[in-house]
Structure formats: structure tokens, C-alpha cells
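Residue numbers (the numbering used here), protein chains in the order written: chain Z, 3 to 403; chain P, 136 to 460.
Any given hint could turn out to be false.
[To be verified] Going by beta-carbon spacing under 10 Å, a handful of chain P positions derived as facing chain Z: (1) ARG161; (2) GLY216; (3) TYR320; (4) ARG321; (5) LEU376.
[Unchecked claim] Quick list of the computed label-pair ranges, beta carbon to beta carbon: (6) Z:THR329 to P:GLU322: 22 to 32 Å; (7) P:LYS163 to Z:ARG63: 25 to 35 Å; (8) Z:ARG154 to P:GLU252: 52 to 62 Å.
To be clear, the hints were calculated from the coordinates, so they are not data collected in a lab. Using N, Cα and C, we set each Cβ at its ideal position, and we do this for glycine too.
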Amino acid sequence: MSKLFPVQEIGSLAKAKWRTKGLRQQLSSQDLSEAEEWAEKLAIQDFHDRAKSILKTSDDRERAKEVLELSTLYGLRLFETAGVDNDGVGGEQQRVEMYEHVIKAVQGMTLLGHIHSFDYKYFNKGVAESKISRKHPVYLPEFLDVKKYAHRAVKVPITGPYTLVDWSFSGYYIQKQHTSSSKTRKIEAKREFLLDIVEQIIRPEIRDLVNAGASWIQIDEPAVTTHPEPQEMELFVEAWNETVRGFDCKFSDHTCYPSEIGYKVLAEYAPKLDKCDHLALEFANRDTSRLGLDEDSREGFRDLKHFVDAGFSGEFGLGVAHVHDFTGNVSSGAGQSLGRDIIESPELVRDRLLFATKIVGDPAKIWANPDCGLRTRTWDVSLAKLASITKGAELARETYE
Amino acid sequence: MSPEIQLAGIHPRSEKLIDLTRSYERAKTSWNQVEAQLEQETRELIKFQESLGFQHISDGALGWQDQLRPIARSLKGVESGTRYSRWFDTNTFYQKPIVTGKISAGEINPDTFLRTELLTGERNRKITLPGPYTFSQLSENKHYENYPDLLFDIAVAEREIIKRLRNEGVSLFQLSEPCLVYQPYRENFRDQSEVELALRAIRSVVEDNPGEFVVQTYFGDVAPVLPKLLDLPIYGIGIDLFETDTSALREQASKALVLGVVDSRESYVEDPRWIADTARKFCDQVDVQDLVFASNTDLKFLPQEIANQKLEALSKASELFEGNR
Numbered sequence: 003m004s005k006l007f008p009v010q011e012i013g014s015l016a017k018a019k020w021r022t023k024g025l026r027q028q029l030s031s032q033d034l035s036e037a038e039e040w041a042e043k044l045a046i047q048d049f050h051d052r053a054k055s056i057l058k059t060s061d062d063r064e065r066a067k068e069v070l071e072l073s074t075l076y077g078l079r080l081f082e083t084a085g086v087d088n089d090g091v092g093g094e095q096q097r098v099e100m101y102e103h104v105i106k107a108v109q110g111m112t113l114l115g116h117i118h119s120f121d122y123k124y125f126n127k128g129v130a131e132s133k134i135s136r137k138h139p140v141y142l143p144e145f146l147d148v149k150k151y152a153h154r155a156v157k158v159p160i161t162g163p164y165t166l167v168d169w170s171f172s173g174y175y176i177q178k179q180h181t182s183s184s185k186t187r188k189i190e191a192k193r194e195f196l197l198d199i200v201e202q203i204i205r206p207e208i209r210d211l212v213n214a215g216a217s218w219i220q221i222d223e224p225a226v227t228t229h230p231e232p233q234e235m236e237l238f239v240e241a242w243n244e245t246v247r248g249f250d251c252k253f254s255d256h257t258c259y260p261s262e263i264g265y266k267v268l269a270e271y272a273p274k275l276d277k278c279d280h281l282a283l284e285f286a287n288r289d290t291s292r293l294g295l296d297e298d299s300r301e302g303f304r305d306l307k308h309f310v311d312a313g314f315s316g317e318f319g320l321g322v323a324h325v326h327d328f329t330g331n332v333s334s335g336a337g338q339s340l341g342r343d344i345i346e347s348p349e350l351v352r353d354r355l356l357f358a359t360k361i362v363g364d365p366a367k368i369w370a371n372p373d374c375g376l377r378t379r380t381w382d383v384s385l386a387k388l389a390s391i392t393k394g395a396e397l398a399r400e401t402y403e
Numbered sequence: 136m137s138p139e140i141q142l143a144g145i146h147p148r149s150e151k152l153i154d155l156t157r158s159y160e161r162a163k164t165s166w167n168q169v170e171a172q173l174e175q176e177t178r179e180l181i182k183f184q185e186s187l188g189f190q191h192i193s194d195g196a197l198g199w200q201d202q203l204r205p206i207a208r209s210l211k212g213v214e215s216g217t218r219y220s221r222w223f224d225t226n227t228f229y230q231k232p233i234v235t236g237k238i239s240a241g242e243i244n245p246d247t248f249l250r251t252e253l254l255t256g257e258r259n260r261k262i263t264l265p266g267p268y269t270f271s272q273l274s275e276n277k278h279y280e281n282y283p284d285l286l287f288d289i290a291v292a293e294r295e296i297i298k299r300l301r302n303e304g305v306s307l308f309q310l311s312e313p314c315l316v317y318q319p320y321r322e323n324f325r326d327q328s329e330v331e332l333a334l335r336a337i338r339s340v341v342e343d344n345p346g347e348f349v350v351q352t353y354f355g356d357v358a359p360v361l362p363k364l365l366d367l368p369i370y371g372i373g374i375d376l377f378e379t380d381t382s383a384l385r386e387q388a389s390k391a392l393v394l395g396v397v398d399s400r401e402s403y404v405e406d407p408r409w410i411a412d413t414a415r416k417f418c419d420q421v422d423v424q425d426l427v428f429a430s431n432t433d434l435k436f437l438p439q440e441i442a443n444q445k446l447e448a449l450s451k452a453s454e455l456f457e458g459n460r
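Okay, chain Z solo, but in the shape it has when bound:
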């Protein structure tokens, strides 16, 4: 991108009540009142025609399709309203969440129930009960809707194979291993499961997306930094390189919330990732909420240096806004603490971008983004955060003009 400090989203947005309810049952005009309110904010011109159609249809599948399409349109317009340069897929409105959405399309896997992730957040964990294969395309229908409505560039986030396997019980794959050591059994099961996910699920997905016109695919691999052991990292690189092999497309990795050493280890291996042009990483979560370009104020960005030192030469998507609950103090000028949220000021975003630029050395390699998807925040908060990132990126840009 020619402009300095372009802004991207990372993936998800929260799902509106009407979107969730509309997938299960008939909606009333009352249910759509929130959608009407947001239609004005986001300038959705044909809202009334679409609402009429959604309310009229008695066919559950047809209604679900229309609701998903409309919520995708809302997501895209929210990003545009905030000034984001890359619309992604409109906040992943067509996905349950990043893991379950894929697992539901995998023959041979069953979702067993919810596991506590943090606070009141959970994920539905699956098990491989037999050799896996793909039941149906996972991301293509969403991408086709996005293509219809996006006014800006589109990046398609997909869940990476390593994370899908790491977050699943290996079931069939571990029970077929016969070595006596339980550690060795786990490792061998993981490798076999992982390579099956790559070949049977992820490569066919990428093929579908590229054939339909996708030019940038973000592979989400939050699990990779949880296993910094060399054997695991080599496995990740092997799976990544096999995943992207032969495709003509820009690829990026998104990894967030690593253990303390996690980014350092990822940095070592990032140059080995074929076709990985961009790394989108979480930093705001570990940074202070005060202005400044000094090392102490920007302590959260310390790990960025590891990637530069290791020789990663691609772009960086910098997490400059926190996406989870925040109940700490915010210094003057750095933003506002509102209930469970922090709204970072444009000045704080600017300082984070400029500090990172000092480390990376080339402002043309830096994108601004939230730490991760914004699905745990309300739409008001998400819009405010993204608008702040956009303004902060403008401020950073001004220093170079």
C-alpha cells in the first residue's frame, strides 16, 4: 500500500442480537430496531427493503442467508465508517467463532462441549473421531458476499491448521499410536492430525478462495507461540509451508497473546515461513496506557525487535488497541477508561506507531490494527477504537509529511 500506516482490522466483530436470533427464528420489527439505528449510523441505504424481506420470509434457510448477508454488509460499513483501509470480511459475521466454524465443516470431528477460556468466555472443543475430510467449504460463501459489498481491499482471515489441531482433542489420532511413551504418542498424533488438516481442509479452502479472487489471506495461528519448543516450532513451519505451497496470493500470519518468550521464538522461525509477507501481532495488551516514545512507556513493543533482529523482512501489523476488558489507569491524554473498556486516544496510537517505526526502521512496513478481533467489545466501542486508530495513523503520517 502506498500510504504510510494503513489501518486494517484483524477479524471478528461482536454479533448483533438480531443477527444471532435471526439465524434461529423469525424476527419481529422490534428485533430489527437496533439494526435500523445502526443503518443510519452506517448509511445502509436499502435497509428498509432488506428488513421487509427478512421479516416477510417464512423460509428459515432463506432468512438465515439474508441475515448473514446483511450483518456482513454492516460489518464492512462499520470498518469503512471508521476509516479502515482493509475491510477484511466484515467482522466474520458468518462464522460462529474462529474454531467451531471450521470444525463444523470437518467430517470425522465432533464438538464435545465448552471449555473455559477466560472470564466468561468459552470455546466448544472438538475431537477427531476418525480420519478427517472436508464436508463443505467453510469460508467461500462469506467471501462471495464480501466481494459483492466491499468498497475497499479485502483480506480473508482463516484459522490456521496448527491452531485447529492444538485446540482439539486428538482422539482417533492419538489412540492409533502404539509407542509406549505418552509424550511421544502425543507428538506423533499431532503431526499426523496436523498434516491431514492441512491437506484435507485448509488447502482446499485456500484453493476455493484464491479461485474466487482472494488476493490476501491472513492465517490466524494464536496457538503457535504456546509451544516454543523447537520440535513444535519446526512442525508449525512444516505445516505453514505446506499450506501455502503453490498458491499465488499474499499471506500473513496473525498471532496474539503468546507466553513471555513466545514472540521471541516466533521471531526466530518467522523468516522460515514461505510467502509470509506480513505479521499481525498483539502489543497494546502488554503496553502502558500513557503517552511517550521512550522505552519505558512503550515497553509492550519491546518484542518487535526480535523479529527485526531475526531478519524478518516483511510488513508488521501492530496491535495498537487493546481488545479485552481493561480496568486499569489511563494517563492524561492517552485515552479514556469507560466501564470495562479503554478507548485509546489517537495520540497514544500515534506514539505506538512511531516507536515501532524506530525499531523497524521503515514506516512503509507498518500497518495499524487492534491487537486481535474486536468480538468482545460492543459495536460502539469497536467503532470508537477503530476511529481512534485511523486518527492516530493520520497523526503518525503527518510526522513524515
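Use these hints to put chain P onto chain Z, whose structure you have.
Below, chain P alone, put in the same frame as chain Z:
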């Protein structure tokens, strides 16, 4: 006697409780409804442990948001709430304690730790707490210049918390110390002097009532540190059998060993015969004074139904183990 069975940490919430907490977060359900379900589920878990012959009963810590939070919120000099970190190599997270001042015990509210009102009939109450070494390792230190000062202040504060919980009738404290055996999160692996330091901190927590403590290790191989752990004046040591190279163990254990012999990280339910057989093989190698069966770590990494099946398998295995000994 058959080996005792114990819960080794946080038990999973049911799907019903999960739904309610999610709904509460979306402001669609009152806290009273969540609380009623929490209470009912805790009662059910207590009854379930009784029905399986547990001698030490836990409340399952169903309300705990992560393994560190109740301690973190009870300490002066520690803040949290701005930063989430991954819990070892799992897809679960904890609020990172940020050490901003000298640590001491703050106002200790036992209700933060334990549902004492639901454990009224239980004389042997067990609670699981992070050990001082693991708590210090997983915190971010912004105050202490010397790590030992941080570690020992945590230990002193934890002693105070434990004293308070002892007054609430807790008779067995599990100090979880996964950082003693798992450290890929660090650039430099611990050396012997650090292990000694960690053990001194643990010793300072347990020294007044050594019979009340189990030091539980998980996510890593206990073999390299087991001889030193056996020197601690405690009741028992917990071992993750799915991570430990048991062929390297040749000890004579003059204390109880808590065998983590069902895997909280895999969904298949272990066959009770396999569990009993594994325990027997273990006893052929290690001369154990007393044996306890448990999961290798918190069962919270499983859906509740599977976790409960694993507890039943442990109970059956305990009978089989004794029967064929």
C-alpha cells in the same frame, strides 16, 4: 486401603452454568441466577465426590476465573486487570498479576477462595492454590530489584492467606507448582540455585503444618526435581504421569505421591484397568508410602461430563488397584 482420590484443581462448569454466565455477561441474566446455579453445581460436585469415596472434599472452584486471581486480588502491592496472558500451553488465559509495590497479605475474604457454607458437613476440606514460586514466575515484577525478595514476600503473604483458610476448616492445601517442571516460557531454564530458592519459599509456607500440604507439579517432567521435593516437609507430591519419564524414577518415597494418572488434556476416558495397571507399574519402580489418584492437572480443560467420567474411572481404578495388589 485403596488409594484415595482427589480433585487436583478447578473443575469444569456445566453447559448450563456456561450458558448462564454468558447470558449474565450480555446483561440478559441476573447474577442471582448465576449464583443459584453455581451453588447447585457445587453441591452436586461435593455429593459426587462423596459418592466416589473421596476423603478430602473440594468445592471445585467453579467460580474461579483463573488459577491466580483469588490470590492476586488478596495481595497488597499487586494489581491486575489490564493484561491477559496464556496459561502455559493451553487455550486458556489468566489476568497477569502486576507487582507494583511491596507484597503483603491484604484483606483476605475466604469467600473469594472457598464455598465454606456448602462444605459444612465436610471435615476434610481441600483447596488448590498456586504455589509461591509459580505465582512469582507468572507475575510481572515492576517493583522488586531482587527476585528472592519478591518470592519470599509472596510466600509470607500466602502463609497469611493459608492461615485464614485453615480457620475456615481447610485441612489439605495443594500448592500447584507447574513452573518447577515446565519452563519453555523462559529464555533461560532454571538452574539448581533457583530450584533451591523455590523450595525454600515453599518450605517457608508449609513449615508450621507440614502434614497439610501437597505440592503438585504438572505440564512437565518431575523426575529431575523429585529427589529434592521428597525432602520437603509435606504430606505429598503430585506428579503428571503424562509428562514424566517414569523410567528415570528410582526413589523411595516417604510421603504420599499424588499420581496424575488421567489426562485432563485429552477427551478419551481412561480404562480403570489401565489406570490401575499404570499405578502398579509405577509402584514397582518407586517405593511409595501412600498413593493418591488424581487427574494430572485441573480438569477444567475438559467438558464437565467427560471430567466426571474420568473421576468415576479413577474411583473404579482405585478399587481394582487394591483388589489385585
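To see whether the hints hold, each was checked on the structure:
Proximity of ARG161 of chain P to chain Z holds as hinted, the smallest CB-CB distance being about 9 Å (cut-off 10 Å). With a cut of 10 Å, the hint placing GLY216 of chain P at the interface with chain Z holds, because the nearest CB-to-CB distance is about 4 Å. Taking 10 Å as the C-beta cut-off, the interface hint given for TYR320 of chain P holds, the closest approach to chain Z being about 4 Å. Restraint check, ARG321 of chain P versus chain Z: the minimum CB separation of about 6 Å is within 10 Å; hint holds.
A distance limit of 10 Å between C-beta atoms decides the matter here; for LEU376 of chain P the minimum to chain Z is near 8 Å, and the interface restraint holds. In this structure, THR329 of chain Z and GLU322 of chain P meet the distance hint of 22 to 32 Å, their C-beta atoms being roughly 30 Å apart. At roughly 27 Å, the beta-carbon separation of LYS163 of chain P and ARG63 of chain Z lies within the given 25 to 35 Å, and the hint holds. Distance hint check: the CB atoms of ARG154 of chain Z and GLU252 of chain P are about 57 Å apart, consistent with the given range 52 to 62 Å.
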